[in-house]
Amino acid sequence: MMDPKETLEKLTVILDALQARPERSVILVEGLKDRGALAVLGIGGEVWQVQGPNSIFNLAEKLARESKEAIILTDWDRKGGQLARLLRDGLKANEVKYDDELRMRLVILVKKEIKDIESLPAFFTRLVALTTK
3 MMDPKETLEK LTVILDALQA RPERSVILVE GLKDRGALAV LGIGGEVWQV
53 QGPNSIFNLA EKLARESKEA IILTDWDRKG GQLARLLRDG LKANEVKYDD
103 ELRMRLVILV KKEIKDIESL PAFFTRLVAL TTK
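Each residue of the sequence shown is one higher than the one before, counting from 3 in our numbering.
Think of the hints as simulated: they come from the structure by calculation, not from any bench.
Here are the computed lysine-lysine pairs in the BS3-like style, where the Cα-Cα straight-line distance is at most 27 Å:
1) K35 / K114
2) K64 / K94
3) K117 / K135
What you are looking at is a predicted structure, and each value in this text was computed from that prediction instead of being measured.
Input sequences plus hints: build the corresponding full structure.
Right, dumping it as structure tokens:
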């Protein structure tokens, strides 16, 4: 693991960017537990689940209709990677601006430690504990 203090600083920058995103920007996550994890980390605003009855294309069309932008924040396991690719394609096809750079930065930072969004709060807490000893 990288230096816990450095990891915590970089993670905080990413989380702050998610929190401070423009109002018309929607975070796209896989499931309910991911939404809960973001809430625990203090990230509010619109967070949409991409798993469920709405197809990705419908989701992209809805974002386009509502003139919203998207932040792709799927997990970084195989399924999450496939989902991110499908989302990029669907959003591009509907000319919806999206950001997947925050996800990439997150993946690079925590990939060796955790594999999904729902594990972020516990990981964050562990880093805080390690840096306050």
